[in-house]
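Chain order of the listed sequences is A and B.
The first sequence begins at -12 in the working numbering and counts up by one.
The second sequence begins at 259 in the working numbering and counts up by one.
FYI, nobody ran anything at the bench for these hints, they're computed from the structure.
This structure is a prediction, so every number in the text was calculated from the model and none was measured.
Among these hints, one or two may not hold up.
Unchecked claim - Within a straight-line C-alpha distance of at most 27 Å, the following computed DSSO-like cross-link-like pairs (lysine-lysine) qualify:
1) Lys840/B / Lys457/A
2) Lys840/B / Lys163/A
3) Lys687/B / Lys486/B
Stated by the list, open to error - Derived list of chain B stretches under chain A, where covered just means 3 residues or more per stretch with a C-beta under 8 Å from a C-beta of chain A:
4) 297 to 308
5) 769 to 779
6) 788 to 801
7) 1157 to 1165
From the three backbone atoms N, C-alpha and C, an ideal C-beta is built for every residue, glycine too.
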Amino acid sequence: MLSKRNNSSNLLGLASAIALMIVAGGCKKSFLDSQPQGQLPATQLYVNAAGAAQGINAIYALDRDFNHTAFPALAIESMGGDEVQKGSTPGDSSPMGLYHTFTQTGDETGFDDPFWSGQYQSISLANQAIDSIPKINMDASLKARYIAEAKFLRAYSYFRLARAYGDVPLRLHYPKSAADYNIPRTPRAQVYAQVEQDLTDAASVLPQSYSGADIGRATKGAALSLHAKVAMYEGKWADVLTYTNTVIASGQYSLFPDFEKSFREENENNPEEIFEIQCPNDASNPAAATSQYSQVQGVAPAAGWGFNIPTKALVAAFEPGDPRMAGTILFAGGTSAEGDAIPTGQVDSMYNYKSYVPFSEPILNGNPGAGQDVRVIRYSDVLLMNAEAANQAGNTTLALASLEKVRARARAGNNAILPPVTTTDKTALQTAIWHERQVELAMESDRFFDVVRQGRAGTVFADRHFKVGKNELQPIPTSEIVKSGGVLTQNPGY
Amino acid sequence: MKKIFTISGLVLLCSLFFTYAYAQNVTVKGKVTDATTGETLVGVSVILKGTETGTQTDVNGTFTLAAPSNGTLVLSYLGYTSQEVPVNGQTTINVLLKSQSNALNEVVVVGYGTQKKVDVTGSVATVKGSDLASQPDANPVSALQGKVAGVQIINSGTPGSSPQITLRGLGTIFGSSSPLFVVDGVWYHDIAFLNSNDIESMSVLKDASSEAIYGLEAANGVIIITTKKGKGAAHIRYDAYAGFSTPTNVPVMANATQYATMVNEVNAASNAATFANPSSFGTGTDWLHLILHSAFTQNHNIGVSGSTDKTSYNFSANYFQQDGNVAYNKYDRITTHLYQDVQIAKFLKVGYTAILSGDHSKDIPGSVMYHAYVAAPTVPVRYADGTYGDPTLTPQVGNAVNNPQVELDYFNQTTQNYNFNGNAFAEIKFTDHLSARTSFGGTFAHQEVQAYDPVYAATGGQFNTISTLSKNTVDDRNWIWENTLTYDNTFDKDHHVTILAGQSAQRYRHYEQDVTAQNVPGFSSGDLYLGLGDNPTVTTPNASLETRESYFGRVNYAYKDKYLLNATVRRDASSVYSDQYKWGTFPSVGAGWVISNEDFMKDQHIFDNLKLRGSWGEAGNGSITPNLATAVNTQFYSNFGGGLQLGSGLLGLVPPVIYWEKSVGTDVGLEAGFLKGRLTLEADYYIKETQNAVFPVPILESLGASSGELTANQANIKNTGWEFTAGWKDHIGSDFTYAINANFSVNDNKVTSVTSGPIPLYGGGNGGTGGTLTTRTIVGQPIGEFYGYKVVGIFQTPEQVAAQTTQPNAQPGDVIYGNNGQKTVLGNPNPKYLYGVNINLKYKQFDFAADISGVGKVSLYNANESIRFGEENWTEAFYNARWHGAGTSNTTPSAFLSDAVNSQPNSFYVQDGSYLRIRNVQLGYTLPKSIASSIKMSSVRLYVSGQNLATFTKYKGFNPEILSTGTNGINQGIDTGVVPIYAIFNFGVNVTF
């Protein structure tokens, strides 16, 4: 029980003091506002032209990260081919080897999920740009070009997803509410239709070429060439012919005379390169040297980790004397054209020459070869698509001419090798074109998809127990299916 | 007569007042001693009742005071019961003061004040600073291990790094799980700057009702630290020790012959390079023992303290040095602690605490111990020609490139920390019952990490072509201003009421800046300036700003010290939460019944004290990442036309709102004292539930969030448990006293709900686990349990492999997955049992102390055995147990641990992490007074001590104490750190002049 003694004066004093403190504290509302520090709030990006430029640049930059160009990309897009094997030592990153033996399950942490998520991150950045840039008050033609670039890059990512996984969730806007979160897979044909729409939109706006500080951005030719490639996987040969003809007729592109040298850093963005992922190795900002495309395939130990290495089957695929073999494969114990002695490795001692960077290149950010651009589409690919489409259309003359352009460059004036293909038999010519693709585009993550689209994976990859009806597609990452609570379904056979 | 001595030259304003009393009728002389131990008491206040006249006992416990022969002396001393002694004309008065150490009269520090222990309704444990300072730990938190029930301390072996501390189980996943530290009223998350010698006491608040007064930061517990004040006549203390630390429990690795044999076993099957003749290598290089060695450690503390009736002061300086057990590693620290208060007027006291510290460490590469663990014993440190041994030139299973000696030789990094912490305060006494206190304090901290990477070419894989110099700085500028009013009165003798009201404002600013330049010449340390290089780059990796505003109040009511009530409420706002959710309210109530004070207990002689108490309360967890609901862009650099261009975009999803994570706790406790204070028992049962825990729910990768997670208030986590503490102290004759304290706690951790339902959150994936995810957090299970394949055997033959389909990639020597090839729960990294035993013995001049601490029923993921990112070595035990052909083992896989089957998370790597450790042992000898005074000292004690003398564990790694990687609760107990346990042996002195 409280005392009845009068302590009211004390209590009053206490009460008034508390009141004072509350009043004193109450008048500083702004005191409780704090913004994120050192980071730009998302709402403050797409407000002007400079922000739009940054938003677009971000997509290009992300497309060179580890998920897009290194282990995950090589596991999903290269390992299935007969031209490569895992590389490094047997115990090094063994899950990557499962993609070569067609025993992957979708549970290969660090390989399947990052490829998937990397592509969707690019798509998200592109969607942000496509959603937001139209609202910005800025130069109309630049605005249109930015949107076209974003659509090209979005198409590139969806193309890579649909080619690898088949049906995939199709997201065309940055998610706004929880209802947008968990969506089912869209059939591959619809995804490709969207890719084609984006590429059509992009090609109608993008310039033929850039100069100065814009070199390396997506061009009209890039959009058309990628469109041709999408159409090729869809078997739309008439479209392939149309788009490749347009690219050829543009006069923008030509084959670089020296096959090997066309892949060296000093010749990046040469007239043969239709679209390259631009990878900096810039001393002014070492932290930007993020691409590990060259490092993961590089010569061990000094220049890389020696993964995704050529096989004897690839060696055997080259015609006698084809100089492209020496421009595609670095043999241990030999010396590169640039003068580097290639040390003897641990397993089969061959390396991908196309991703090679001379050992003298300064190493920034711990990534040897960070400056090596990734060749996405070369003019020779366009020519070979053109040849294959022309052959399909019965235009043997065009087919032979386009094929010969590729072989002639490879020949480099030495008429003793690589005789021109002369067959007019449709099947024989197709076989010749397919072979030309195998050696011309070797080690460029094209082989597996080529063989699959040609419908002969069951035989070509038989030694590795390729299962027809299953291994044409990669498994959807198991973790993604779990997270979807069953909304996403797994591909057949997994 | 009044003399004032002014000592100038100290950094801050400080003046000391020494007061002498006026001469009166009788001069009384006397000595004050402890009634139980007979120890002389220094600095006891002796006041003439009804006046302000008085003195204090000197270093010999004696006093001289002029007093009227009919007067009364009042003797008071902190921690002792005050006593009144009538002079009655005596000229010699010797007084025995009774220690209040029995539970009834003990005073404990609680939030914003002190309370008699008997009046406390929550669970509060107190540790004396002297119990912490007696241990050779740089961080006072380390010394708390095993001392308080329910407190888990995980010590890191690296000099200068802070231990991890968790109270009553892990209650948060996303933020820091560390308790709030309140040092003299200023809030901290880490007290690495504090020297144990400067601590008077530590109060560990464990239940929600004690914590709730700290509202927004109290969810993971509160530790209130009071630093030393002055007491009694001026005296100087010097405490020091020196000794050495030596690594223990270092695993024995496979020697070169064994290593080469295993490499051949793996590589022969894959056509990879093999060793021609394994036995030709002999034992080879023992990298771990080459890197590790015994190291010197020393600590010196000098302090002066004292008090008069006008002022109290305590100034000290400390030097601590600890060399690392890895070559080149060194850490040293200087701290100074300045405290002073001055009674300016009868109603006004002002004072300050200033703690300045500076430390410096010569660092080692974080990976060097791991690389020493995996380095091939077939590779020499150097070849005969003096060049470094090159791992890339020898057959191996992985892709190792590191010669650890090269890493050490070319690593050049130092870390420096400068801290200013402290506060200034004023206390105003309006009346005998009403007082106010204002305190302004904070932190000014600066860290600088300088690293120089020279140009060198040591081995095929270890070289650098461009030199870089980096200077990375971390700055903190925090302040806290708190104002409280306290009303304390007793009505009608029996009703004791204390009312507290307060207000607080806080601001926390943190920013980091990394600057790097290339081609800085490195001829001498004088060259290491960024301006001498080119291509400077600046990045700001991390920055944050948080402001807070709070109001709080508490009412304590005690009736006859029998019935106790305690209610608090705190209202906090923090700038990091969404606008409409900035404010949180945290109430609590507590009640106690001191049964032993009831009339019906009067005649019993069993209990000295028996109290039942219960409490309920809510507290917040304020340590989340700021502004989680604000989407921020990631910065990129694109490359066009040969030049870099800035890019920016959103790589994440943010929740619509973020608000308070709340911990709701209930505690029921029983305290009992028996046999005249000799036996004390305390038991607590608690339930602590974190509601709306900030929890990262895995989201579809197709949403384009790079984290793959959406972090929001979306889970509840519950910890329930028991805590028991028992103490026994007694003496045998007058020469031998002893005390034993033991504590034991049981905790169960469980995620009770997640908004997204049973979608698991996987974690624990890093280089250490070969990238595979080893933990799972799912509703209904503990946080971060180990999840993977249960090993039921080893494939012996190709036929056995071919006969099954669940493991298509298997080969002989691989583990066989049980549970039909499905992953299952493999263990729990949240320890179930924690315990500690502390023993103190004193015989004549000798004293002995021992601390034992332990953890029971806990699992660890020994990722050191599984680390397989391209590097391999194995332990000798593994070599002996491994499968190497049909019939050789059905429990240990083949040496091909990195293949697609063995590298998956599996139960082979999950091991029992229980341990019992003899943490500290100390034997001291105090010189007899006569000898001490003959060398002009009032007290001299010499001692020898040992830390980590023995660890009993079944765990096969270096050390069963595993720091989580990051602050993330889903990565607990994964052993990728390979810092050994080091035993420390010291010789020390404690001297008082």
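Legend entry - Coverage claim, chain A over the region 297 to 308 of chain B, checked by counting residues with Cβ within 8 Å (three needed): violated (count 0)
Inset, instruction - Test coverage of the region 1157 to 1165 of chain B by chain A using CB-CB distances below 8 Å; three residues minimum. - result: holds (count 3)
Legend entry - Coverage of the region 788 to 801 of chain B by chain A (three or more Cβ within 8 Å): holds (count 7)
Inset, instruction - Would you mind confirming whether the straight-line C-alpha gap from Lys840/B to Lys457/A stays at or under 27 Å? - result: violated (53 Å)
Inset, instruction - Verify the proposed pairing of Lys687/B with Lys486/B, using a straight-line Cα cut of 27 Å. - result: Judged against 27 Å, a Cα distance of about 23 Å means the pair holds.
Inset, instruction - Tell me if chain A covers the region 769 to 779 of chain B under the three-residue, 8 Å CB rule, please? - result: holds (count 3)
Legend entry - Satisfaction of hint between Lys163/A and Lys840/B, Cα-Cα up to 27 Å: Given pair Lys840/B, Lys163/A holds - Cα atoms ~24 Å apart, limit 27 Å.
Hints 1 and 4 from the list above are not met by this structure, while the remaining hints are.
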